[in-house]
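Quick note: the sequence shown, position 22, residue 230 per my numbering, numbers continuous.
If you are wondering where the hints come from, they were derived from the structure by calculation, not from laboratory data.
None of the values given here were measured: they were computed from a predicted structure.
Each hint should be verified, as a subset may be incorrect.
[Stated by the list, open to error] With a cut-off of at most 25 Å between alpha-carbon atoms, the simulated DMTMM-like pairs for lysine to aspartate or glutamate come out as follows: (1) 227 <-> 213; (2) 225 <-> 213; (3) 227 <-> 237; (4) 225 <-> 210.
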Amino acid sequence: MDNNDLLELMRINGLRKRKIRRVVNHSMETGLALESML
Numbered sequence: 209m210d211n212n213d214l215l216e217l218m219r220i221n222g223l224r225k226r227k228i229r230r231v232v233n234h235s236m237e238t239g240l241a242l243e244s245m246l
C-alpha cells in the first residue's frame, strides 16, 4: 500500500462523510418543516 492508495482512501472517505452530513442536514430540515406544519 503506497501513498497514492492512502490518498485515494482518504478522498473516498471524505466524500462519504460529506454525503452523510448532507443527508443528516436534509433529514433535520424536513423534520423541522414537518413539525412546523403540525
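* What are the numbers of the hints that this structure violates, sorted from low to high? -> none
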